[in-house]
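Residues per chain, in single letters:
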Amino acid sequence: MDSNRGSSKPSEAGTDTRSMSQAPSVMQHHQPGAQHSDSEVTFLSHILSNRGIKISTFYHSNFQDYQAYQGDKYHNVLNSLGFLNLGIHENRLCVDLMTERLCQNDMNYIEEPLLQYPDWRGHPFLRAEVAKFLSYYCGAQSRLEMRSVVVLNSCSAVLSALAMVLCDPGDSILVPTPFHSGFLVSAQMYAQVELIPVHVDSEITNKRIQPTKPTVGKLEQVLLEAKNKSKKVKGLLLANPQNPLGDVNMKETLREYLKFAKRNELHVIIDETYMLSKFDETIVFHSVLSLESLPDPNRTHVIWGSKDFGITGFRFGVLYTHNDDVVSAMSPFGYLHSVSGITQYKLRRLLGDRDWINRVYLPTSYSRLRDAYKYVTKRLLELEEQFQFKICFPRRGCGLSIWINLKKLLEPCTFEEELILHRRFLDHKLILARGKSYMFEEPGWFRLMFAENPHRLREAMDRFAQAIEEQKQHWREQMLDVQW
Amino acid sequence: MFTLPPMESEAPAARLGSAATQHVASLEGECPRKTDWKLPGLYGVGDPIAMCSLDISCLSCRGRVIKWFWDSAEEGYRTYHGDEYDEDRNPSGIINLGTSENKLCFDLLSSRLSQSDMLQVQPALLQYPDWRGHPFLREEVAKFLSYYCKSLAPLKAENVVVLNGCASLFLALATVLCEVGEAFLVPTPYYGAITQHVYLYGNVRLAYVYLDSAVTGPDTRPFQLTVEKLELALQGVESEGVKVKGLILINPQNPLGNIYSPGEMQDFLGFAKRHKLHVIVDEVYMLSVFEESLGYHSILSLERLPDPQRTHVMWSTSKDFGMSGLRFSTLYTENRDVATAVAALCPYHGVSGLLQYQMAQLLRDHDWIDRVYLPENHARLKAAHAYVSEELRALGVPFLRGGAGFFLWVDLRKGCRGSAGCWKADPGPQRTSLPVTPRTPASSSGDEAATAREQPLSPPAGDRSRLPAGFPVWLCPQELRLLFWVTAGHAHPYRTGVS
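Protein sequence lines correspond, in order, to chains A and B. The numbering of the first sequence is this note's numbering, which starts it at 1 and goes up by one. The numbering of the second sequence is this note's numbering, which starts it at 1 and goes up by one.
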């Protein structure tokens, strides 16, 4: 659930702010694309609370495109003019495998406890299976324990509940940019926790521009600036593999981040939700749970969920933490973010089928992700050639999307122009996620999700090319107007 | 936001509505909760965290409060899970009759849920959905409610929002209708877990309209809610500086097991309209009215709602279809802004696509519901109710007759012993399996606000020597909700041990 629209903030092209910029608010950042009139707001204010109005306004402005997509989805036969959504992150490449697996008989078992009120941390049978699953796929040094597992109905819910129990209202968490706007919503919607962006620079490597990872020095700097502004920073939120960049952290880097957090008594929340979505064999992913020892196990919390298996519609997310108090405090949220007993049972069967995962699912997923990535990068290179401009996308081997730089299409390179380009894609019924919604300070970046079936991906790239061509044409016309 | 409670060692005697005091008894029968029976007036305002004591840990301040609250509230439940009754493996274990779940029809439900139409998997069900609920499901919900609520005009799918349980619905409505610290009015006794649902994330409180078991004045039945009582309670609460934004009505009533008539509902809605209050109508037991003479009517069957923009109806398969573990609930409201605001929270309270499909299949199967499920369910509920009623009469225990839901509201005050007011079950040679609840009063969270002022109901004659004995139970003396479910398949509902 990415935001697809937002206000554009005037910003200089290539600005590299070293100081901490104002922490984004989910309500401020996403200014309504369709403003309510005064009379509508007055009416609303009589019915909804102020926070209800903010929530409603946020939904109107940020879910318009998503709702439009839901009501008008592309279908190659029935609706060939429908929306293609490469702006939300879900792995659609192995739906066939997953559908087949979920139809097998072992999935259709019903017993009384599944229909009754459960342990709100998740049924013990599922938590035990999750512990085994994570032990194996994270490469844990010793067996992980079910008592350290909590299952809720999405990674967003896990983050929201963690924000409630680790932070007080108004507290802050550091997050390197670019980061998924869903983090912002999860931290703020209920928990009222601020996310302080740690902006990173882009560097040119092999003639390609890519954002860098934050150094510990950068984290220290942003933390100090926050403290100087009397902010209470309680944690550090990392995504590994990173979304949208697809970066993975080396073990040593992870340790450095964890040591930094320990020095400053910060919690570390690590979202490892794409840990099985790497498609480049040369990439080695290290889960934080594979480290020999954690500097501060009581303040290290790992999130995993539905992305790796392409089952975002299942609605589940998992927390692993050694801190029993955190597990206990998360329990009441299990009532509000509960997962159906039947779903929990199917999940248990899925996660327990290591043979199917290792022999069937993962190899197929990797190869299809690899093929899709190659196809999209090939098309992007062709567009560079065709339109004589650099798109500049960093090479990656993990995740479901490419972070592409379309600065060269923006004149001037501002967030307003970025929004106009975003709308141009929408005019072609193509949804991408724009960099502003990732709190990225440099305009012109877009996230293009490629884990879509080949036919739709081809159609989507055709529309992308058409939009690029139109943008270039528009630019040329503007230049001519200027000359005249 | 969570405000930290004052660091008190004891709650003041007049502090009511605190969920802090839980009636968890040790084996010695000590009950730490306070036992002030005298309620000071017609209303009260809950303070769920009044008696929290905070330990130092890695958690935030509110995290510690949440943990403390949960640990206290669930201690009894954890003890129960550690010693659950099983007729073969643990016949002396704890029987839980404190949680309202219909376990009577698992055979019917498991059979229906295993049929082939339930087993379809389509790609769209595995992917991000319309957050209000898949359109096919919302269509079915609208048709289902139109039919079973007997609405005069067909209900609309666009007014339906689907979430993962009524707890989430209460939270979502509290968040979008109230500011922090504001309140909903709720008549007591009420299903106490609502306290937590609206407070945990939403920081919304409950303001109680206390009802009396004594039939006095113009009342015609115990615990009768009237507009006059609502008016007085509202005035009183607002005089204490608490802003009331809405009224919660549970119909059929939990824990009383009775219903509000259409005339009463119109009066209550009229009251709400006069004061511009939202009305949240929880109809989660609407198909669990096994006493037809009660004459239950859904609010959606009323010809005209006084304030449709402020009337929000919730329903769920949890109770009526005995599926509290499947986590599925629906909101019906004509107010698009409320529906939209609730939908914005749905990513956090979403229902799995596969389950949405199954629920659509279930709700559209009127034939199975009308011919198979409802008649059998009602018959079993009625039989279990009759059995327990008979047992209670024989024991000389007064209770409200009810006729809806899965429970009886029982008066055990005469059975109270000891200064703590808790009833300790005496060990004895003869055990009955008279199901008594180890749960906190009328709730899973143990909100003491569920306490109602009571005078003894007229007890039927009975042999008081047949008081239950032998089970490790702990009871709140002021209210006790008995469930009367029986396990399907048993020839006799309970193994009484008494021949």
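Source of the hints: derived by calculation from the structure; they are not laboratory data. One should not assume that every hint holds.
[Unchecked claim] Taking lysine-lysine and the BS3-like style, the derived pairs with C-alpha atoms no more than 27 angstroms apart in a straight line are:
| hint | chain 1 | residue 1 | chain 2 | residue 2 |
| --- | --- | --- | --- | --- |
| 1 | A | Lys-231 | A | Lys-213 |
| 2 | A | Lys-408 | A | Lys-374 |
| 3 | A | Lys-429 | A | Lys-378 |
| 4 | B | Lys-243 | B | Lys-156 |
| 5 | A | Lys-54 | B | Lys-143 |
| 6 | B | Lys-276 | A | Lys-54 |
| 7 | A | Lys-251 | A | Lys-229 |
| 8 | B | Lys-273 | B | Lys-150 |
| 9 | B | Lys-229 | A | Lys-54 |
| 10 | A | Lys-54 | B | Lys-150 |
| 11 | A | Lys-132 | A | Lys-218 |
| 12 | A | Lys-73 | B | Lys-273 |
| 13 | A | Lys-73 | B | Lys-156 |
| 14 | A | Lys-54 | B | Lys-273 |
If you're wondering where the values come from, they're calculated on a predicted model, not measured in any experiment.
Okay, the hints, checked on the actual structure:
no. : hint                  : result
1   : Lys-231/A / Lys-213/A : holds (24 angstroms)
2   : Lys-408/A / Lys-374/A : holds (23 angstroms)
3   : Lys-429/A / Lys-378/A : holds (22 angstroms)
4   : Lys-243/B / Lys-156/B : violated (32 angstroms)
5   : Lys-54/A / Lys-143/B  : violated (32 angstroms)
6   : Lys-276/B / Lys-54/A  : holds (21 angstroms)
7   : Lys-251/A / Lys-229/A : violated (32 angstroms)
8   : Lys-273/B / Lys-150/B : holds (23 angstroms)
9   : Lys-229/B / Lys-54/A  : violated (34 angstroms)
10  : Lys-54/A / Lys-150/B  : violated (35 angstroms)
11  : Lys-132/A / Lys-218/A : violated (36 angstroms)
12  : Lys-73/A / Lys-273/B  : violated (42 angstroms)
13  : Lys-73/A / Lys-156/B  : holds (23 angstroms)
14  : Lys-54/A / Lys-273/B  : holds (25 angstroms)
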